[in-house]
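Undergrad: Sequence:
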Amino acid sequence: KFNNKRYYIVLSLLIIIFISVIIYKTSSNKNDIKSDINVEQNYKDDYKDTKDKSKKDNLNEDSKAKKDSEKKIKDGKYEVGKDIKAGEYVFIGEDIGGYIEVNSKENNELESIITNDVVNTFIYITLNDGEYLDIKNGYLIDEKDFTVENKDEYREGMYKVGKDIEKGQYNVYPEEDAYSPYVEISKDSRGVSKSIIFNDVLDENITVNLEDGQYIKLRQTYIKK
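Position 169 (the sequence shown) corresponds to 169 in this note's numbering; numbering is contiguous.
Simulated from the structure, these hints should not be mistaken for lab results.
Computed from a predicted model, the values in this text were never measured in an experiment.
Check before you lean on any hint, since a few could be wrong.
Stated by the list, open to error - Distance condition first, Cα-Cα at most 20 Å in a straight line; then the derived SDA-like pairs of lysine to any residue: (1) 151 / 173; (2) 85 / 130; (3) 225 / 155; (4) 163 / 212; (5) 74 / 111; (6) 77 / 190; (7) 77 / 107; (8) 144 / 160; (9) 187 / 86; (10) 85 / 75; (11) 136 / 76; (12) 82 / 128; (13) 77 / 134; (14) 194 / 204; (15) 163 / 149; (16) 167 / 197; (17) 144 / 165; (18) 224 / 207; (19) 224 / 156; (20) 144 / 162; (21) 167 / 195; (22) 71 / 126; (23) 72 / 128; (24) 151 / 224; (25) 194 / 214; (26) 82 / 103; (27) 224 / 199; (28) 105 / 95; (29) 71 / 84; (30) 160 / 192; (31) 224 / 171; (32) 160 / 211; (33) 144 / 190; (34) 136 / 157; (35) 160 / 92; (36) 77 / 111; (37) 85 / 106; (38) 82 / 120; (39) 163 / 214; (40) 225 / 204.
Taking the hints into account, I'd like the entire structure generated from these sequences.
TA: Right under this line is the structure:
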């Protein structure tokens, strides 16, 4: 005998199961779509962060380059205390040789020259208020912005003892095929004759003793401990 009650119960269960399956699939699809949207949004956020970081890094590099460039005092004539501040600088000559001249007067007459030099590498120079500076084929930077790696051998240039090079005893050698190998030790970086403690044109290697605060200038010479 057909049982209507049982039939309707089974049918109802089947309908409930069918509806549940549909609801589950619909919910799953929505979650998948939502997940895809989240993944895409996260990708966009990551890409934006990467672009922003890259842009920031580039700006930082540009700013650093600009800042470094602004630190350089380039070719020209300057009044110390007005155009540039007094203090100690490093003059770096260009490949063809830089020229630096410090005068007591603006007219650049011979008798007003305090010091001058032709520089293929670098030298220290101290400038006082009221002096006049003329530089060509090179540039000045603050001595605080100038660093030299501590090493066993030092080639042509001017070094500050206690900063660029340790105090102590060194051997000075003429460069090979040098026509006028020169060494100079001075008590300051004014570049005047009364500052010189010792100087020599070398025929052979010599030994020198360096103390903190002194300067050693090498032309066609090099030093080793």
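Undergrad: Against each hint, give a clear statement of whether it holds in the structure.
TA: Hint check:
With a C-alpha separation of about 16 Å, the suggested pair residue 151 and residue 173 falls inside the 20 Å cut-off, and the hint holds. Restraint check: the Cα-Cα separation between residue 85 and residue 130 comes to about 10 Å, which is no more than 20 Å; the hinted pair holds. Under the criterion of a C-alpha separation no larger than 20 Å, the hint pairing residue 225 with residue 155 is consistent with the structure, at around 13 Å. Distance hint between residue 163 and residue 212 is fulfilled; the C-alpha atoms sit about 8 Å from each other, no more than 20 Å.
With a CA separation close to 25 Å, the supplied pair residue 74 and residue 111 exceeds the 20 Å bound. At roughly 18 Å between alpha-carbon atoms, residue 77 and residue 190 fall within 20 Å of each other, so this suggested pair holds. Pair hint residue 77 plus residue 107 holds up; C-alpha atoms about 11 Å apart against a cutoff of 20 Å. Taking the CA atoms of residue 144 and residue 160, the gap is about 12 Å. The hint holds against a cut of 20 Å.
Pair hint residue 187 plus residue 86 holds up; C-alpha atoms about 19 Å apart against a cutoff of 20 Å. The hinted pair formed by residue 85 and residue 75 meets the criterion: a straight-line CA distance of about 16 Å does not exceed 20 Å. Of the supplied pair hints, the one linking residue 136 and residue 76 holds, its CA atoms being roughly 7 Å apart against a limit of 20 Å. Between the alpha carbons of residue 82 and residue 128 the distance comes to roughly 11 Å, so the proposed pair stays at or under 20 Å and holds.
Restraint check: the Cα-Cα separation between residue 77 and residue 134 comes to about 4 Å, which is no more than 20 Å; the hinted pair holds. With a CA separation close to 26 Å, the supplied pair residue 194 and residue 204 exceeds the 20 Å bound. Distance hint between residue 163 and residue 149 is fulfilled; the C-alpha atoms sit about 10 Å from each other, no more than 20 Å. Pair hint residue 167 plus residue 197 holds up; C-alpha atoms about 15 Å apart against a cutoff of 20 Å.
Distance check on the hinted pair: residue 144 and residue 165 sit about 15 Å apart at the alpha-carbon level, within 20 Å; holds. Between residue 224 and residue 207 the alpha-carbon distance is near 10 Å, which keeps this suggested pair within the 20 Å criterion. A hinted pair counts as satisfied when its Cα atoms are at most 20 Å apart, and residue 224 with residue 156 qualifies at roughly 12 Å. For the given pair, residue 144 sits about 13 Å from residue 162 by alpha-carbon distance, which is consistent with the 20 Å threshold.
Distance check on the hinted pair: residue 167 and residue 195 sit about 18 Å apart at the alpha-carbon level, within 20 Å; holds. Restraint check: the Cα-Cα separation between residue 71 and residue 126 comes to about 17 Å, which is no more than 20 Å; the hinted pair holds. For the hint pairing residue 72 with residue 128, the CA-to-CA distance comes to about 18 Å; that is within 20 Å, so the pair holds. With a C-alpha separation of about 9 Å, the suggested pairing of residue 151 with residue 224 holds against the 20 Å cut-off.
For the proposed pair residue 194 and residue 214, the alpha carbon gap of about 14 Å is at most 20 Å, so the pair holds. Taking the CA atoms of residue 82 and residue 103, the gap is near 15 Å; set against the 20 Å cutoff, the hint holds. Under the criterion of a C-alpha separation no larger than 20 Å, the hint pairing residue 224 with residue 199 is consistent with the structure, at around 17 Å. Taking the CA atoms of residue 105 and residue 95, the gap is near 29 Å; set against the 20 Å cutoff, the hint is violated.
For the suggested pair residue 71 and residue 84, the alpha carbons sit about 11 Å apart, so the restraint of at most 20 Å is met. Restraint check: the Cα-Cα separation between residue 160 and residue 192 comes to about 16 Å, which is no more than 20 Å; the hinted pair holds. Under the criterion of a C-alpha separation no larger than 20 Å, the hint pairing residue 224 with residue 171 is consistent with the structure, at around 5 Å. Of the supplied pair hints, the one linking residue 160 and residue 211 holds, its CA atoms being roughly 10 Å apart against a limit of 20 Å.
Restraint check for residue 144 and residue 190: satisfied, since their Cα atoms lie roughly 17 Å apart, inside the 20 Å limit. Pair hint residue 136 plus residue 157 holds up; C-alpha atoms about 18 Å apart against a cutoff of 20 Å. About 15 Å separates the Cα atoms of residue 160 and residue 92, which keeps this hinted pair within 20 Å; it holds. This hinted pair checks out: residue 77 and residue 111 have alpha carbons roughly 18 Å apart, not beyond 20 Å.
Proposed proximity of residue 85 and residue 106 is supported: the alpha carbons are some 16 Å apart, at most 20 Å. A threshold of 20 Å between alpha carbons decides the hint, and for residue 82 with residue 120 the separation of about 28 Å lies outside it, so the pair is violated. Restraint check for residue 163 and residue 214: the C-alpha separation of about 10 Å stays at or below 20 Å, so the hint holds. Straight-line distance between C-alpha atoms of residue 225 and residue 204 comes to about 16 Å, which keeps the hinted pair within the 20 Å bound.
Hint violations for this structure: numbers 5, 14, 28, 38, all remaining hints satisfied.
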